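The hints should help you fit chain X onto chain B, whose structure is shown.
Read off the chains here:
Protein chains: 2
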Amino acid sequence: MTHDARRYAALPSPFAMKRGGELHGARVAYETWGTLSEARDNAVLLLTGLSPSAHAASNADDASEGWWEAMIGPGKAIDTSRWFVICVNSLGSDKGSTCAASINPATGEPYRLDFPELSLEDVANAAQVVVQGLGIEQLACLIGCSMGGMSALAYMVLHPGSVRAHISVDTAPQAQPFAIAIRSLQREAIRLDPHWNKGRYSDGSYPSDGMSIARKLGVITYRSAMEWNGRFARIRLDPERRDDNPFGLEFEVESYLEGHAQRFVHTFDPNSYLYLSRASDWFDIAEYGNGSIMEGLKRIRIEKAMVIGVSTDILFPLEQQEQIAEGLRAAGAAVDFVALDSPQGHDAFLVDIPNYSRAIGGFLSQL
Amino acid sequence: MTHDARRYAALPSPFAMKRGGELHGARVAYETWGTLSEARDNAVLLLTGLSPSAHAASNADDASEGWWEAMIGPGKAIDTSRWFVICVNSLGSDKGSTCAASINPATGEPYRLDFPELSLEDVANAAQVVVQGLGIEQLACLIGCSMGGMSALAYMVLHPGSVRAHISVDTAPQAQPFAIAIRSLQREAIRLDPHWNKGRYSDGSYPSDGMSIARKLGVITYRSAMEWNGRFARIRLDPERRDDNPFGLEFEVESYLEGHAQRFVHTFDPNSYLYLSRASDWFDIAEYGNGSIMEGLKRIRIEKAMVIGVSTDILFPLEQQEQIAEGLRAAGAAVDFVALDSPQGHDAFLVDIPNYSRAIGGFLSQL
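Chains as they are written, first to last, in this note's numbering: chain B, 713 to 1079; chain X, 713 to 1079.
In short, the hints are calculated from the structure, not lab data. Check each hint, because a few of them may be wrong.
Note that the list lumps identical chains together, so a pair holds whenever it fits in one copy or between two copies.
Straight-line distance between alpha carbons at most 25 Å, and here's what the computed DMTMM-like set of lysine to aspartate or glutamate pairs gives [unchecked claim]: (1) Lys1010 with Glu750; (2) Lys730 with Glu939; (3) Lys730 with Glu821; (4) Lys1016 with Asp791; (5) Lys910 with Asp950; (6) Lys730 with Asp773.
Note that this is a predicted model, so its numbers are computed, not measured.
So that you can see chain B by itself, here it is in the shape it has in the complex (with noise of 0.2 Å):
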């Protein structure tokens, strides 16, 4: 038996967002793992990417495996025995946050389309909430993953002062034209779902055409060409597992899509997907440098960092974490730059264990 590990942080109500718009009650969900220090000062926040909940490993509440569950715990790269983890559901997700999905307070309905425009600001200014409630001054270190790595950017320069000691995971300074298109036909191919019913739909008629083709345009972008070739090749399926469908499954890889999608479609809120995918889009640390990434980078004050990113990301391409380490390191702090060969895209972070295991483990232990 598992239980509910997560926990809730009430945010100041009305909690303003960036973009205008303010929510009432709203809450935020997370997990720890380890114990705080007396001093508070081994306190490691990670914020994650556009879908994983806060249950980033296996804990005593909820023995079930975690999306991070090979690097954290007692011994791992990030060692709970000497660090107080915390993984913060991001706010407009639909893990246990305050999302499109919950009920408006103000008409007793859910909000869907009436949710406030999300930023990956309020969702790190969310995240701060829990740190603060937990007594916690400053974060020994602030990890980001993918989106999350955007999330820490806009956490680290809206609370100066707030973090000492930075890993950024797999992200970006901002979205580039490529990621926003992506992202744009993800969020076309819901919306075009009938069912979506501008935002209207119901658990009987739910938008899992549009849902399906966003997972598997998603899939196809998180991982690499190069690591398909060997994995699929050009496989079929046995023809027992084919559908009769005209133009339907044939190929191992698209049988691959199709098990992701169905895994995805029902365990993720269309409205939260479309509103967490819209502020990755908006997200742009320049625009806190009159328009300059550099400047942007350059307000973010912190002792060290170590910017991690993979060379068969086509999402968040190398040199997007190469310009953070250029602008980390003119902002003053130490900073390692880690160039990755692992052959499998942008999701390489949840894969390829070893190196990532190596490089996080190896900067937090020299903390």
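Relative to the frame of chain B, chain X by itself:
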């Protein structure tokens, strides 16, 4: 005034298809430029990508600009004062050739999904009927771009001795899983559109949404992230050009994709798109070499070849053009391999005219 410059070649009836099935009373459309020499030894055949018509350039009958206008004409890289150039519309394409939208003589109704399974070998065989019908025993050069490059490999392996020289442009000896995944998702977007209706759509009930998603995904993968960084960056649309729909267009890159989609959706028959897309996934030169790409290519007997590819092409990556070059070389041809750094991705052959002109013009001038 421009006139239809198309000519038509009747295919043998029945025309047997590679995967079984046959066509009766089928034809393919083609256009020509220049004059066939008395010795009939100056013919250049051009096989196209998935969507272009046979109208590769303006000519006496149709003054409108063709899809490779800058490359074909007197004094241009494909110099029509010397060469007799033929461009064939692929069998299965709706630009004049028999396709899924054509009338099935057995029923008097459009074929729709009763069109037999289409392969690029069928496309190649239909093109060869045109060449034969013009009394040409051997092509001076066979040029194939993108999907047409795969059709060209099929042509050469199926018709030994029919080609002296070959120019392979941005193509592959087989579809890799990344390309299959992209095309599968494009087909799925069309198939999931309720208006597709298992192929039984009409002008009034047409799968526009599915075609739009398919086209946008195509354009995303035909270009490159690098080009878009320079071209679109994070430029927003003027407020009056945004759409009012929730999560509607906001960035310039989204508007660019929308424009491409709008121009395409009603100018290509959706069922024909499905057939040609799947034919691209199916093609595999290794079928002619006991499962080996190299052995398959080694069965192609030509004198000279030029193989061109682009480092920014994510759909047909450069290593696939290297394979073609190696294989043709191993088969005994003198092969020039040209690796370009054009930023435009797979579509570079349509855009980077200076580099493609220089390469193709140089090669042809030495024949």
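We went through each hint and held it up to the structure:
1. In this assembly of identical chains, Lys1010 and Glu750 lie within 25 Å of each other by CA distance neither inside one copy nor across copies; the values are 32 Å within and 72 Å between.
2. In this homomeric assembly, Lys730 and Glu939 never come within 25 Å of each other (Cα to Cα): the closest approach is 39 Å inside a single copy and 31 Å across copies.
3. Proximity of Lys730 to Glu821 under the C-alpha cut-off of 25 Å is restricted to the intra-copy arrangement: shortest distance 24 Å within a copy versus 58 Å between copies.
4. Proximity of Lys1016 to Asp791 under the C-alpha cut-off of 25 Å is restricted to the intra-copy arrangement: shortest distance 18 Å within a copy versus 61 Å between copies.
5. In this assembly of identical chains, Lys910 and Asp950 lie within 25 Å of each other by CA distance solely across copies; the values are 24 Å between and 39 Å within a copy.
6. Taking the shortest alpha-carbon separations for Lys730 and Asp773, neither the intra-copy value of 34 Å nor the inter-copy value of 60 Å comes in at or below 25 Å.
In this structure, the earlier hints numbered 1, 2, 6 are contradicted, and the remaining ones agree with it.
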